[in-house]
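There are 2 protein chains.
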Amino acid sequence: MSLVAVGSMALDSIETPRGRHQDVWGGSATYFATSASFFTKVSLVAVVGDDFPVEIVDFLSGREVCLEGVERARGSTFRWSGRYGRDMGDPESLETNLGVFEHFKPVLPDSYRQARLVFLANIDPDLQREVLSQVTRPDLVACDTMNFWIEGKASALAKTLANVDLLIINEGEAKLLAEESNLLRAGHAVMRMGPKKVIVKRGENGVLLFDEEGLFSAPAYPLGDVVDPTGAGDTFAGGLMGYLASARRIDSRTLRQAMVVGGVMASFTVEGMSLDRLRGIGVEEIAERLKEYRSLTEFEAVPEPRARRLA
Amino acid sequence: MSLVAVGSMALDSIETPRGRHQDVWGGSATYFATSASFFTKVSLVAVVGDDFPVEIVDFLSGREVCLEGVERARGSTFRWSGRYGRDMGDPESLETNLGVFEHFKPVLPDSYRQARLVFLANIDPDLQREVLSQVTRPDLVACDTMNFWIEGKASALAKTLANVDLLIINEGEAKLLAEESNLLRAGHAVMRMGPKKVIVKRGENGVLLFDEEGLFSAPAYPLGDVVDPTGAGDTFAGGLMGYLASARRIDSRTLRQAMVVGGVMASFTVEGMSLDRLRGIGVEEIAERLKEYRSLTEFEAVPEPRARRLA
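Chain order of the listed sequences is A and B.
For the first sequence, the tail end lands on 551 under my numbering, and the numbers increase by one without skipping.
For the second sequence, the tail end lands on 551 under my numbering, and the numbers increase by one without skipping.
Hints are computed from structural coordinates only; laboratory data are not their basis.
Possibly wrong hints are sitting among the right ones.
Heads up, the list lumps identical chains together, so a pair's fine if it works in one copy or across two of them.
Below are the BS3-like pairs computed for lysine-lysine, each with C-alpha atoms no more than 30 Å apart in a straight line [stated by the list, open to error]:
(1) Lys531 / Lys415
(2) Lys437 / Lys531
(3) Lys281 / Lys437
(4) Lys437 / Lys393
(5) Lys393 / Lys281
(6) Lys437 / Lys399
(7) Lys531 / Lys399
(8) Lys345 / Lys399
(9) Lys415 / Lys436
(10) Lys393 / Lys436
(11) Lys415 / Lys399
(12) Lys281 / Lys415
(13) Lys531 / Lys393
(14) Lys531 / Lys281
(15) Lys531 / Lys345
Fair warning: this is a prediction, and the values are worked out from it, not measured in the lab.
Full structure from sequences and hints, please.
What follows is the structure, given as structure tokens:
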């Protein structure tokens with residue numbers, strides 16, 4: 241199934257307790273496309289400045305990512321810098337320079353308009369809808385969002401949510417969006433805003449799916465060494481959507497598998513700075529980790545307990 | 241398999257955002273035994289004061305919990321009071337009155353000494369070893385501990401750990417014990433202290449097993465309404481050990497199932513104040529929730545990904 245994604249292509253500056261890395265590969269679309277490209281062809285919609293490194297373009301093209309919808313504009317590429325603390329939890333955002341992203345108006349090439357699967361990464365909800373208006377009834381529209389839009393553009397976001405099938409959002413954002421501190425109640429409240437399926441990303445605590453079939457909870461692949469969590473969420477979404485595209489099914493059973501794939505892909509991203517680890521792996525490593533994940537989570541059904549005969 | 245457990249029988253005073261409850265049923269041994277009693281006969285070692293409510297004794301006896309090893313001493317029963325915040329996370333301890341527990345010297349009745357499974361709840365590590373010295377080579381010794389002993393009686397705890405097979409401990413305590421902030425590395429460090437198996441309790445984030453076969457990660461059963469988390473850890477241990485006793489096996493496959501049972505039992509405890517919910521359930525409700533848990537966590541194996549033919 242054809243897959244189109246819109247998001248940012250960026251240069252990140254990342255500080256962790258181990259050191260600082262300047263202008264490394266980043267952006268939601270970059271992580272998403274790299275991850276999805278192990279499973280399917282992805283077509284990107286994004287904007288880059290005239291300073292955007294040709295190496296990234298070459299790398300993505302080499303992975304058969306279609307960049308026809310990526311506009312090269314005059315000005316600077318989107319830049320973000322953030323700092324992680326010792327716990328490697330949510331980073332502190334130090335600086336955001338929108339650059340050419342400030343006046344981004346996504347225009348989809350004709351070849352994108354019949355996409356069966358669409359992913360709207362975390363960008364302005366008005367732009368997310370702008371993309372949706374240019375595609376012809378896809379089978380599945382998934383989207384992400386963040387605090388900034390939940391707090392600053394609530395009504396635009398509400399319109400977007402009414403038009404997506406699957407919201408992929410992190411735990412804190414789900415609770416903020418639902419104004420509800422209990423995760424289960426938050427997920428159900430978000431479903432009432434439009435998306436029939438909601439995936440809550442919980443970092444090292446795994447992912448939780450709410451859909452028509454009920455709940456699915458998948459723990460995270462445990463890591464002994466967290467190098468850089470940047471892009472883990474977009475890597476997850478890329479693995480998930482890429483897997484659905486390759487499976488050519490979007491039912492609940494396939495979605496559960498896709499979440500497992502997404503989680504495994506994200507575990508590689510977190511093991512390296514920027515995209516360093518993710519772009520170095522091959523399908524053998526993915527297959528190996530999927531096998532490990534299965535053994536990590538597998539248990540035999542517990543026989544039905546019998547009532548004890550009490551005196 | 242016969243099961244002996246040592247721990248506290250207590251009266252708790254619990255404050256949550258919904259209200260305050262004075263002198264309700266509590267204590268690690270009480271939660272453990274109630275949970276295990278759905279699966280097997282449990283023999284308790286504990287001490288109570290002359291003010292201990294006969295209703296609790298009657299209830300446990302009615303569930304075929306053997307109280308021969310429970311001493312009734314002159315003085316007050318152990319009392320604990322704690323307060324939960326809005327997030328229902330770790331409670332603030334307000335007061336601990338040891339009462340008769342202060343001079344507790346566990347003495348095992350002869351009928352206990354051949355126990356195949358032993359659980360040492362969170363008490364002074366010297367007392368835990370005192371119990372161990374009175375049993376004849378059990379098949380599995382499991383124990384719990386807490387910050388208070390990790391920080392205050394490190395060398396006594398080290399001796400206990402060298403003599404247990406399975407440590408069941410919460411995440412914060414595991415990291416404190418291992419002096420390691422990464423969960424995976426903390427678990428492996430704890431294994432090097434003695435126990436060949438370590439289970440880390442992570443509350444709403446589930447449980448993680450480290451054993452000879454590798455890792456097993458089980459998410460928590462999600463709850464829309466958390467009433468009182470007190471005793472969830474001991475309920476987990478009780479379900480786990482009770483299930484092992486009834487299955488008559490302690491291999492890794494059975495231990496995984498036992499963790500699922502323990503998690504399901506703990507989910508009932510958390511749904512009510514004190515033991516109110518747990519002691520009201522029947523095996524049908526346990527069976528139903530075990531089924532729900534299976535569907536919550538089940539996914540089909542992901543087919544091995546094929547390398548994409550890139551241009």
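Hint-by-hint comparison with the structure:
1. Lys531 / Lys415: between (33 Å within a copy, 28 Å between copies)
2. Lys437 / Lys531: For Lys437 and Lys531, the Cα distance is within 30 Å both inside one copy (26 Å) and across copies (22 Å).
3. Lys281 / Lys437: within (24 Å within a copy, 44 Å between copies)
4. Lys437 / Lys393: This pair counts as within: shortest intra-copy Cα distance 22 Å, inter-copy 50 Å.
5. Lys393 / Lys281: neither (32 Å within a copy, 59 Å between copies)
6. Lys437 / Lys399: Only inside one copy: Lys437 and Lys399 sit 16 Å apart there, 51 Å across copies, limit 30 Å.
7. Lys531 / Lys399: neither (40 Å within a copy, 38 Å between copies)
8. Lys345 / Lys399: The answer is within: 18 Å in one copy meets 30 Å, while 67 Å across copies does not.
9. Lys415 / Lys436: within (17 Å within a copy, 39 Å between copies)
10. Lys393 / Lys436: within (22 Å within a copy, 53 Å between copies)
11. Lys415 / Lys399: Classified as within: same-chain Cα gap 19 Å, cross-chain 44 Å, threshold 30 Å.
12. Lys281 / Lys415: neither (34 Å within a copy, 43 Å between copies)
13. Lys531 / Lys393: neither (42 Å within a copy, 42 Å between copies)
14. Lys531 / Lys281: Classified as within; 24 Å inside a copy, 39 Å across copies.
15. Lys531 / Lys345: neither (42 Å within a copy, 49 Å between copies)
The structure is inconsistent with the numbered hints 5, 7, 12, 13 and 15, although it conforms to all the rest.
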